[in-house]
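Novice: Residue strings, one per chain:
2 protein chains.
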Amino acid sequence: MTFELQAQDPGSNARAGKVTTAHGVIETPIFMPVGTAATVKAVHQRELKEDIQAQIILGNTYHLYLRPGLDILEKAGGLHKFNGWDKPILTDSGGYQVFSLSGTRKIIEEGVKFKSHIDGSTHLFTPENVMDTQRTIGADIIMAFDECTPYPCEYDYAKNSMHRTHRWLKRCCERFDSTEGKYGFDQTLFPIVQGSTFRDLRTQSAEYIASMNREGNAIGGLSVGEPAEMMYEMTDLVCSILPKDKPRYLMGVGTPANILENIALGVDMFDCVLPTRNARNGMLFTTQGIINIRNQRWKDDFSPIDAELGGYTSTFYSKAYLRHLIHAQEYLAGMIASVHNLTFYLWLVKQAREQIKAGTFAAWKNVMVEKLMTRL
Amino acid sequence: MTFELQAQDPGSNARAGKVTTAHGVIETPIFMPVGTAATVKAVHQRELKEDIQAQIILGNTYHLYLRPGLDILEKAGGLHKFNGWDKPILTDSGGYQVFSLSGTRKIIEEGVKFKSHIDGSTHLFTPENVMDTQRTIGADIIMAFDECTPYPCEYDYAKNSMHRTHRWLKRCCERFDSTEGKYGFDQTLFPIVQGSTFRDLRTQSAEYIASMNREGNAIGGLSVGEPAEMMYEMTDLVCSILPKDKPRYLMGVGTPANILENIALGVDMFDCVLPTRNARNGMLFTTQGIINIRNQRWKDDFSPIDAELGGYTSTFYSKAYLRHLIHAQEYLAGMIASVHNLTFYLWLVKQAREQIKAGTFAAWKNVMVEKLMTRL
Chain A
1 MTFELQAQDP GSNARAGKVT TAHGVIETPI FMPVGTAATV KAVHQRELKE
51 DIQAQIILGN TYHLYLRPGL DILEKAGGLH KFNGWDKPIL TDSGGYQVFS
101 LSGTRKIIEE GVKFKSHIDG STHLFTPENV MDTQRTIGAD IIMAFDECTP
151 YPCEYDYAKN SMHRTHRWLK RCCERFDSTE GKYGFDQTLF PIVQGSTFRD
201 LRTQSAEYIA SMNREGNAIG GLSVGEPAEM MYEMTDLVCS ILPKDKPRYL
251 MGVGTPANIL ENIALGVDMF DCVLPTRNAR NGMLFTTQGI INIRNQRWKD
301 DFSPIDAELG GYTSTFYSKA YLRHLIHAQE YLAGMIASVH NLTFYLWLVK
351 QAREQIKAGT FAAWKNVMVE KLMTRL
Chain B
1 MTFELQAQDP GSNARAGKVT TAHGVIETPI FMPVGTAATV KAVHQRELKE
51 DIQAQIILGN TYHLYLRPGL DILEKAGGLH KFNGWDKPIL TDSGGYQVFS
101 LSGTRKIIEE GVKFKSHIDG STHLFTPENV MDTQRTIGAD IIMAFDECTP
151 YPCEYDYAKN SMHRTHRWLK RCCERFDSTE GKYGFDQTLF PIVQGSTFRD
201 LRTQSAEYIA SMNREGNAIG GLSVGEPAEM MYEMTDLVCS ILPKDKPRYL
251 MGVGTPANIL ENIALGVDMF DCVLPTRNAR NGMLFTTQGI INIRNQRWKD
301 DFSPIDAELG GYTSTFYSKA YLRHLIHAQE YLAGMIASVH NLTFYLWLVK
351 QAREQIKAGT FAAWKNVMVE KLMTRL
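Chains A and B supply the protein sequences, listed in that same order. With full-length UniProt numbering as the guide, the letters of the first sequence map in order to residues 1 to 376. With full-length UniProt numbering as the guide, the letters of the second sequence map in order to residues 1 to 376.
Heads up, some of the hints might be wrong.
To be verified - Capping the alpha-carbon separation at 25 angstroms, the derived lysine-lysine pairs in BS3-like fashion look like this:
hint	chain 1	residue 1	chain 2	residue 2
1	A	Lys115	B	Lys299
2	A	Lys81	A	Lys49
3	B	Lys182	A	Lys41
4	B	Lys81	A	Lys299
5	B	Lys49	A	Lys49
Hints are computed from structural coordinates only; laboratory data are not their basis. Only a predicted model underlies this, so the values are computations on that prediction, with no experimental measurement involved.
Just chain A, with the same shape it has in the complex (with noise of 0.2 angstroms):
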């Protein structure tokens, strides 16, 4: 994997770089779909690559390890070939959903060890065992395993759980540099920071991630519950500290306006569940603001659900047809809804490279941040 740095913004740290992977370019800064089971819900992969524009998507290892399985994954040579998906795809540790999606888990210095939510059977997660699973779903990018603290999170717990993490990164780095990729193309581990909202914890965990020289650093344990206010010192913080010339991926980031001003803060990745789970909700992002589409002042607007983002769903479909849809708890609401916020946060990393490109992302940043949170 190779990062180019192409620009950078002169009134804010924002970057706009260009990430090459095996399975293709991502333009930076990219929001990454989240494609959980190896599907994003609701969304066909033709949909994702052509109207939503999709250039890397992400895989949750504690799903596919559980569902299909390793055994399927691997026969069919990977995630990619399993689900069609031929562009770049990451895969996070396994460790955030066993950590929260399990209920009985016991944290040990091996690993977790966790229950399936599917069928209770018991399991181990070390960091051994994770890169070697990441080997065989095939992802590009593949993430250490790491213990996302929760927020609130004592002092001694955020700096004890900081030093596991670091140990188990070592062990990861081990593991994946003895090991190769299966299918043929080269794969590339992200280390994550972690230290919770503890300004010396951040600091002490950026720099030992950055002293691993990895390709591309990650930070995680934010966007956990924290004040958004938290959140940007953090990652201001952190990114003072991480490479410039390395990519740097914020987990789990968020609001459209989050990602604008982490974008600000000098951060190229990103991923979320909330375009779609909100969109499966009826909570629509558009270029003139916030939509609730269940809400009756929508039933009989039937202008376009955002006809200045353009793309075949959000052009064709009205509002008053999608307020229908979600009302009558119908297939189609969620997938037109999950295209439409999907299209739309590909659309908003895309103007913000070109504001970043022209030189113009700090100003333009602010305006967007307070028209997209506007509620209509």
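For this one, chain A is given, so just place chain B on it according to the hints.
Specialist: Just chain B now, kept in the frame of chain A:
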């Protein structure tokens, strides 16, 4: 609406024809995907047109009347404008849903009183207001208000019901003929033959319906639980009476085999929820036979769903991937399976049409019926 009889099969009563409506041409025999609540479940309008190649879809008056409601549909300019489907639409009369969905309904000479399954509110459907409702929905082909008798059905009940259906038909025609379309295009009214499974009643009903001299005719009250042979006997009888120069629509039918057998008896138009409903449960109709995609045997079958059928959905996604999606209860499972099954149904009637035009339908039908009903 016009109908042109283009070819007749020498070995059966199968016909190929052309129905011309204000929203375009329908080549018969044809299958009409069911779009209950202004959407064919789990299918984008673009897929319906480009991938499935549907020529006409069906809307359900009962559902549309309750939600979004006639005020919204009228403000939109009719169902075509509301959901963006610009090809022909047929609406049923709502009778079937009133009888099957509504827990408490009361048949009186005036019409049927029923309670909404959504909010329990009380409504009355009469032959007159059902004509007005379908005028407002704006379908190209609208159906008479009838009673679809259950199976089995007492002779006396079937006889009385048939006579009421005939009386209602007269009122439907009077109302329809004294009103006009609301959106500047012509609509047409199809009457419906009833009579349960009694030969004398079916004969009497078919003769009465034929005497009304409408532009097309329908056969109702079949595919409600009776043996297939009994359905074919009734269809055969009714088709021998209905005029040859008008399209014949067999309501609510059926499996691929049912469709081919009824085409052989002289039916031109079909609709059924089977391809979409069964799709969502993992039952696929393919050119090689029937697949229950949930089964273990497909777990590592990475071949396309149906390579011979062609089309994006059936060839892009593999059986193993679709099996995974349905077990994971993903939206995409229903989406893929629905597009596939409808693509198959439209392919099937197109093949039938070509065989009829070539004069080879009868022999082809016998081979296909056996092949299509094989469980793989």
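Novice: Which of the stated hints cannot be reconciled with the structure, identified by number in ascending sequence?
Specialist: 3
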